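Asker: Read off the chains here:
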Amino acid sequence: MNETLRELLIDYLDGSLPPTQRAEVEELIAADPSAARFVSEHQELWAALGDAYGDQAIEAAVQPSDAFRARVTAEVESSSAARAWPPQQLLALAACLALSLTLFTWLLTDRAPGAQLSGEDQHVVRYLHVLQEYDVVDSMGAALDLHADYDVLRAFEGEIEG
Amino acid sequence: MLAVAADHPGAFERLVVVYETRVKAGVYRSIRDASSVDDLSQEVFLRLYKARHRYQPTARFETFLYRIIFNLCVNHTQYQARRRTWSLDTPVGDDEGRTIDPEDTRAGVPLDQLEQDERAVFVQEAVESLPDSQRRALLLSRFEGLGYEEIGQVMDLSLQAVKSLLWRARENVRRKLQPILGGSSDE
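Protein chains in written order, with this note's numbering: chain A, 1 to 162; chain B, 1001 to 1187.
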C-alpha cells in the first residue's frame, strides 16, 4: 500500500475528511481488499483501545464526587482570598511604606558629609585635596620654608585648582 | 469559561460540575494512577481558574483545558520517574520487611469477563509500552475528541509531527496487538 493511500485511510479513520471525500474513500475501500483489511484492522484496534481505556473501563477511577468539588472550590477561594487584601490592610501597608520612605530620606539628608560642620570646617573639607598636595610640598620642608597654616593653604589653593 | 473569565458568581462552580469527569478521565488515561487522579484534577481546575483571564475564545475551550492537563501530567510522570530512579534500591515490601502478597480479587468473576479483562490488560500493556509522546497523542486522538491541529496545540507540535506521531503510535500498537486482532497483514 502506498503512503498516499495509507494517509488517506488514516484521515478517513480519524474522521477528518469532508463528507464527499469520505464517500469516495468508502468506494475505494469496497474495491480494494488490502485497503479494506487495513481499515478493519485499525477499526478493531480503535475498539480494543475503547475496551481498555473507554469511559466504562475507567469509570471507577473518575467518579464525580461532592467532596472533590468542595475541595476545588475551597482551594480556589483560599487562593483568591490570599491575593485580595482587605482595604484596612492595604491602608496600613501604604502608611508603613510612607513612614519608611520618610525615615530613610531623613537619615540620608542628616548624614550627608559636612551637613553638621561649621563654615570653616566645611572649607577645609572642600580643600582637603589641597592639604594632601601640601603634604608633598611639606616633605621638601625647610628648603622651601613653608608652614602648614591656613594662609599657606589658601595661597596654594588657587595654583592647584588652576 | 467566558463567564468564569468575567468573574460571574457561581460560574466556576458550574464549570467544575460540567467538566469534573472529563478532567479526571483525561488525567487518569494519561497517568494510569488512580491514587493521584483527584489531586492532579484539583490542580487542573486551580490552574484553569488562575489562567481564566488569559483564555482567548478563539481556540476551543477543550484545547485550552487539555493543554493544562497535558502539561501537568507530563510533569507528574517525569517526577514519578525520577522518584522511581531514586528508590530503586528500596526493597519491595512493608516496613517490617514482609513481601506484599496481593489478594486475588478475581475469584468468582465469569470467564468471558475474565477474557475481556485480560484482553484489556494486554491492550493497556501495548499502549503503556509506547514512547510517552506517542501514547499521549494516541489517547488524545482516540478519547478526547481532538483533531490533529488541536493535538498539535496541546502538545506544541506541528500538524505534520502530530500525523507522524499518531501513525507510528497506531502501527506500534497494532503490531503488538496482532495476536488478539483479527487481521493478519503487516505491511
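Hints are computed from structural coordinates only; laboratory data are not their basis. Be careful, since some hints might not be right.
[What the hints assert, rightly or not] Simulated pairs of lysine to aspartate or glutamate, DMTMM-like, Cα-Cα distance not exceeding 25 angstroms:
1) B:Lys-1163 <-> A:Glu-41
2) B:Lys-1163 <-> A:Glu-7
3) B:Lys-1176 <-> A:Glu-27
4) B:Lys-1163 <-> B:Glu-1115
5) B:Lys-1050 <-> B:Glu-1115
6) B:Lys-1176 <-> B:Glu-1115
[Said to hold, decoys possible] Which stretches of chain A does chain B cover? Using the computed rule of at least three CB atoms under 8 angstroms from a CB of chain B, they are:
7) 9-16
8) 46-57
9) 66-79
Small disclaimer: the values here were computed from a predicted structure and weren't measured. All C-beta atoms in this analysis are idealised placements derived from N, C-alpha and C, irrespective of residue type, glycine included.
Asker: So, for every hint listed, does it hold in this structure?
Answerer: Hint-by-hint comparison with the structure:
1. Between the alpha carbons of B:Lys-1163 and A:Glu-41 the distance comes to roughly 19 angstroms, so the proposed pair stays at or under 25 angstroms and holds.
2. Among the hinted pairs, B:Lys-1163 with A:Glu-7 is consistent with the structure: their alpha-carbon atoms are about 9 angstroms apart, no more than 25 angstroms.
3. For a cut-off of 25 angstroms, the pair hint linking B:Lys-1176 to A:Glu-27 is broken: about 30 angstroms separates their Cα positions.
4. Under the criterion of a C-alpha separation no larger than 25 angstroms, the hint pairing B:Lys-1163 with B:Glu-1115 is inconsistent with the structure, at around 33 angstroms.
5. For the given pair, B:Lys-1050 sits about 45 angstroms from B:Glu-1115 by alpha-carbon distance, which is inconsistent with the 25 angstroms threshold.
6. A distance of roughly 18 angstroms separates the Cα atoms of B:Lys-1176 and B:Glu-1115; the hinted pair therefore holds under the 25 angstroms criterion.
7. Note: the segment 9-16 of chain A has 3 residues with beta-carbon separation from chain B under 8 angstroms; the three-residue rule is met and the coverage holds.
8. Coverage of a stretch by a chain is defined here by at least three residues with a beta carbon nearer than 8 angstroms to that chain's beta carbons; for the segment 46-57 of chain A and chain B the count is 10, and the condition holds.
9. Counting residues of the segment 66-79 of chain A whose CB lies closer than 8 angstroms to any CB of chain B gives 8, which reaches the minimum of 3, so the coverage claim holds.
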